[in-house]
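Visitor: All chains, full assembly: derive it from the sequences and hints.
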Amino acid sequence: MMDIKAKIKFLKENWNQPKKASYDNEDYSFELSCIINDGASESEIIKTFSLLEIEDLPIEYKQFLLISNGALLFLDEHYGQAGLNIYSLKDFTNKINFWLSSYRASSLIVGDLIVGEFLGDSDFIILRCDKDADDFGTIIISLPLYEREDWFYLKKDFTDFLMEFIKAEGYKYWE
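Numbering (the working numbering), first residue to last: 121 to 295.
Hints in this document: simulated from the structure, not taken from any laboratory. Nothing here was measured: the structure is a model prediction, and the numbers come from that model. Only true hints are included.
Taking lysine to aspartate or glutamate and the DMTMM-like style, the derived pairs with C-alpha atoms no more than 25 Å apart in a straight line are: (1) 167 x 211; (2) 275 x 175; (3) 275 x 173; (4) 210 x 243; (5) 125 x 196; (6) 276 x 237; (7) 292 x 123; (8) 210 x 277.
Restraint ranges, calculated between C-beta atoms of paired labels, are given here: (9) 139 x 256: 31 to 39 Å; (10) 216 x 284: 23 to 31 Å; (11) 288 x 174: 27 to 35 Å; (12) 252 x 198: 42 to 50 Å; (13) 134 x 240: 18 to 26 Å; (14) 143 x 214: 31 to 39 Å; (15) 151 x 256: 31 to 39 Å; (16) 129 x 210: 22 to 30 Å.
Beta carbons: idealized from backbone N, C-alpha and C, even for Gly.
Guide: Written out as structure tokens, the structure reads:
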């Protein structure tokens with residue numbers, strides 16, 4: 121299995137120009153591409169999450185940020201109706217007030233960190249950052265109109281989630 125660094129390099133080389141995913145054989149559907157940011161520094165990561173009062177960041181997610189400080193994966197650049205926006209450190213500071221004022225804020229619990237969102241349908245990617253919880257480091261997909269118990273609990277760490285999502289070429293494999 122490729123490591124995350126190799127997978128990011130693969131995306132940069134193979135998905136930098138729009139193309140159809142291999143599962144898509146429809147003439148009218150989207151062409152997708154990936155935009156990968158440069159990595160963040162250790163000090164930038166520490167500073168950002170200290171401001172958010174996140175003390176225990178799962179190592180898999182931190183490693184991703186060191187390689188790529190956010191990314192747009194399998195983005196439909198033409199219509200903006202598909203893609204996963206994995207937030208950059210700058211995005212966190214811009215989005216925190218939105219999350220706290222959103223109708224969805226009441227569904228979040230201690231240790232929930234929204235690390236990205238799907239374009240077109242507003243599902244959030246939540247990384248569990250409560251070191252004392254059984255689900256520390258796992259990914260949850262938050263659905264905007266559903267109660268927390270109806271969300272998708274993937275029981276995967278950030279790297280496993282990302283690797284499977286890349287393998288599925290942007291298809292939401294958990295649905």
